[in-house]
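Enquirer: Got two chains here, each in a separate frame; can you build the complex from them with the hints?
Each chain, letter by letter, is given below.
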Amino acid sequence: MAELTFREAIAAGIAQEMERDPMVYFIGEDVGAAGGVFKATVGLFERFGPDRVRDTPISEQAIIGAAMGAAMTGLRPIAEIMFSDFLATCWDMIANQVAKTRYMTDGQVSIPLVIRTANGGGTRFGAQHSQSLENWAMAVPGLKVVAPSTPADAKGLLAAAIRDPDPVIFFEQKSLYGVKGEVPDGEHVERLGEAKVRRDGKDCTIVALAAMVPKAMQAAEQLAADGIQATVVDVRSLVPLDTRTILREVVKTGRLFTVEENPRLCGWGAELASIVADECFDDLDGPIVRITTPHVPLPAADILEDAAMPSVERITRTVRGSMR
Amino acid sequence: MSTRVEKPPAAEIDRPTRLQLYQLMVELRDFEQRAYELFLENLVRGTSHLALGQEAISAGYAVAMRADDYTFCTYRGHGHTLARGASMAAAMAELLGRGNGMLHGKGGSMHLTDVRHGAMGSYAIVGAHLPIAAGAAWSAQVRKSGQVAVCFFGDGTTNIGAFHEALNLAVIWKLPVVFVCENNQYMEYTPIRSVTAVEHPAADRASAYGLEPILVDGNDADVMYERARQTIDMARNGGGPSLVEALTYRHGGHSRADPAKYRPDAEVREWLSRDPVTRYRERLLAAGIGEAEVNEIETRAQQKVDAATEEARNGAPATVDAIERQVWSDGGAAWRN
Ligand SMILES: Cc1ncc(C[n+]2csc(CCOP(=O)(O)OP(=O)(O)O)c2C)c(N)n1
Ligand SMILES: [Mg+2]
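Protein chains in written order, with my numbering: chain G, 1 to 324; chain H, 325 to 661.
The following block holds chain H by itself, in its conformation from the complex (with noise of 0.2 Å):
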């Protein structure tokens, strides 16, 4: 296959643009870290995807998106979430299933959502998202509000039906939907590789839909960022659809209970010396930016996750009463008189 990962971008992204992706990248990788610990004080209950290593890919999208675009992201999904403005608070509570929870308990780590922020929720069946994303697009274009929808999924998920269904609605419909593969290599266990019929598996899958192969380096907050501009543009100015897919590795195992002793310990290292949180720091610097700044980002994110865990910690239990509600939109859940 002829796909090459790019280069960064020769262009210069300008200072403030590029203190925000750092800034929301180490904001990101500290709440996942904490989410960590608190499952390790057994705090969080049930299970936890995380994002560890794939920050540079939810902030430079999210920092390229206009405030009413919609995101649409999987169980992986905290990252994501967060990138769009939702409360940290808010999200930390839910993964402790406390009633000041972003979803007051009922949706808890793997569907966290923030309509008011766009994030129009984390699906948990592998696909599922993909037409719903496009749906949403759909909508955007029939009422011209200029809005785009982008949706993260993996690699793993470029084996179900519902990518392809997706794909294909999306190129012959025009929608303006960005699909941004978060390849890190693995399932949950098994390497993508494997099990898929091409190396790239969603780049080299573009030509089938249409649409151009771009591969790119999910570690590099820059360009994420600069892909992350040119396929919203092309998206709102109503040339169609994109599909990205960014390389990328997660530092932890697929879930909380998941050691990933299955991923070779060359492979690990190979991919740790690639952190983007510690690339764009030495980025940073080389660009002249002093350290002072650069610490003092890195000392507001513990702050801010600092005082998120604690309202968080200090939140009371879910309340019983929310079985019982929102399953309808009067608020009830009555299927009888």
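Excised from the complex, chain G in its bound form (with noise of 0.2 Å):
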């Protein structure tokens, strides 16, 4: 085991990967020998050269639509676009022409392809620089949508993403690069579609996703010195989403809270209150909590930006109320 930052394992998984297989290849915006406007991708331009690790022009549609004609015809590309604030300028490409070709042609075309990108807030950028949107990827038939929490899935969830025969969106929450964690020696690689139970409680399930994962422990810890003992399951991957592991916590507690970054409307939380509620909702013993960013664009003040996303503060009353 090797302590890494969540950015140094990014750039440890594509290594891993580009090792592994030569036909991945690497593009985006000053991700060469700048390494990344995070300093995610350091190193790698050195390690495989200009033509695997390739700069491109600012210009998002022509960095998705040559990653994807490329996926098309035998590489294995990852492209990255700098903020997924800017998924908005090349929405068309990833949900018309990445998410539905292959269906389209009844599967004629597969498109190996990450899309690796900055996510969500605490940075005081700003609401264009700072939305966590993977509902908006998850919206979308034909997409993958992964975002870790730790820098071990970091690499092995990217590691994954890359090999999987599908577009992935892969969320990296921008909150999160700098934080340390043990990351398993030699090659790792984690499975997409499996949730991870991250402490055991048998008062209720909070369900939470990439950075909401640590503030969601940290609660638990709290809540646990008022008697409450909350499991966390952290989510990992939204599509495929692992219900089996959290319908399980569910009917074990018989309560579930959702923590969620994204503004309020169609967050993931509310597909999974759907779902539970179908399949479970005799064992449940109270009502389905979310806790989320309310439904604003990002603020850029720090006390804004604070008090917009959920805290452990916020979380741990909301679940305190709620049990009481």
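Hints were generated in silico from the structure; no laboratory data involved.
Glycine included, C-beta positions come from ideal geometry on N, C-alpha and C.
Keep in mind that a hint or two might mislead.
[As the list claims (entries may be wrong)] These stretches of chain H come out as covered by chain G in the derived footprint (C-beta under 8 Å, 3 or more residues):
#, stretch
1, 417-431
2, 484-496
[To be verified] A few chain H positions that, by computed beta-carbon distances, are all more than 12 Å from chain G:
#, residue
3, Gln357
4, Glu365
5, Ala391
6, Val519
[What the hints assert, rightly or not] To give an idea of the chain G side of the interface with chain H (calculated C-beta under 10 Å), a few residues:
#, residue
7, Thr56
8, Ala71
9, Gly74
10, Pro77
11, Cys90
12, Asp164
13, Pro165
14, Asp242
Expert: So this is what it looks like as structure tokens:
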């Protein structure tokens, strides 16, 4: 085991897969010699050269379009979109082209493509560089959607995404880039579509994604001091979604809380609430409660941004209030 | 602007190639005509965008392409797909929504694709396939496969961002891709000149990307074939991309619902007199090819379209098991366990 930051684990995941498969190419803005604006791809350019690690112009449609055309014809490209908010500039490529072409051709075309993007708030960048929008991707049939919460998963899930034969949108939470954690030595590959129980408790289940997982974990510690034992489930992959693990934990505890960084409407927790209500209604001992950012664009000032996003304090207070 | 339309090539194109060009154009013409008739019979549902009048472009390029080269085209893509050798019956059946359709009913008229023949898809969001074609060319380049991607699109497409992003990328990466703008003078209903900053929507933009402005008569199969050879050879030999503007005209409306009343009669008459098929027929006869041989090509094309129509009509309707098939590479559509 080595201790890596989340951003180092990203670079390690890409390096592992580029080493293993010569068809893996990596493109994006400032990803080459600069090592990415978040320094999540440092060293790759030096190691794999300018052909396999390529800087692109500021052309998000061309980045995704080119990656798709290459994926259709034998490469396994990784394309970086600097901030997830910029996905809006190439959403046609993602939602209409990448996601639908296999289906429309009834399987003539495969698109083994990973789109990596820095997602979410906590950096005081303001509304156009901060949104957590994994729910956009989740709403499009044909896209797999992954968002790791630890350095180990950053590497292992990214490796799995690169090996996956289908398009994967890989969300890297900006607020996690500096977080350190143990990453297994040697080849490390996780499986897409498996949620992980991070903490066991008998009283309620808190389901969280990406940067909300460490917050949910801290909240669970505080709740324990109050005598509430919470299970924390890390979703890890929204599509495919491991409903089996989540339903099992909800049945065990009788309560479900979701912690979502996304703005309120149509967040992944709403889909989860619907599934739980459908399939284990009788096992519930109380209402399903969603803890989300309000339905607003994120404000810039630290005090406003912190108050808008789910905090440890808000999670603790909400769960405690609802469990009373 | 100094951009000029090219004259037909002085160099002779050999006889078998010319017969091949004519045969292909006649087949594409007859297919589109039949598609229109089937629409009038209410057998073709949804929409369809015919390329009647634009056959010289698809034929010229397809004949010049290597079997493993890539074609990317638009919703007006029946001709481009068939020209690569895709099955006419499967295309017709797809228009009719049959289970024996090229995409088993899941794509329809606007998305004909036959990857085995290098027909990499028909794309219906204006401009989207230009970056995708560049990507296929990038893949060919790094795989050193020698393949070239040819990407067809309309005049209206030159005003969307993806056009410009793709051209810039193709030039800086020196990609083996040929961008062919079929300037049929109109977007859907609006004349291109009324919404474009330059007279020639593609050719006049070429210099912005360091490319040669190329403006050709898209209704002349010889011109198209020669230009196709030149641009494809250049791409294959590492010379990078080209942008070709081919002047043409669609004989009918934009899509099946459009009677095209917005076009002046004199303009329509003028362009019909430059019909690429009848014009090429005359040229073949003038070059000493016997009328019997030309008639024979036409008869065979009719028979081919008849047989394809028959096969398509006899196909069973698409089956509902297709709905939840092939979202993913495992063949299914599951998003949860
Ligand atoms: C991005 C986008 N905007 C608008 C449309 C609707 N639309 C379909 S075809 C078309 C006209 C395109 O004109 P052109 O590029 O000249 O191609 P042509 O149809 O003449 O072959 C329009 C506006 C679309 N499909 N995609
Ligand atoms: Mg047009």
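Enquirer: Which earlier hints turn out false for this structure, listed by number in ascending order?
Expert: none
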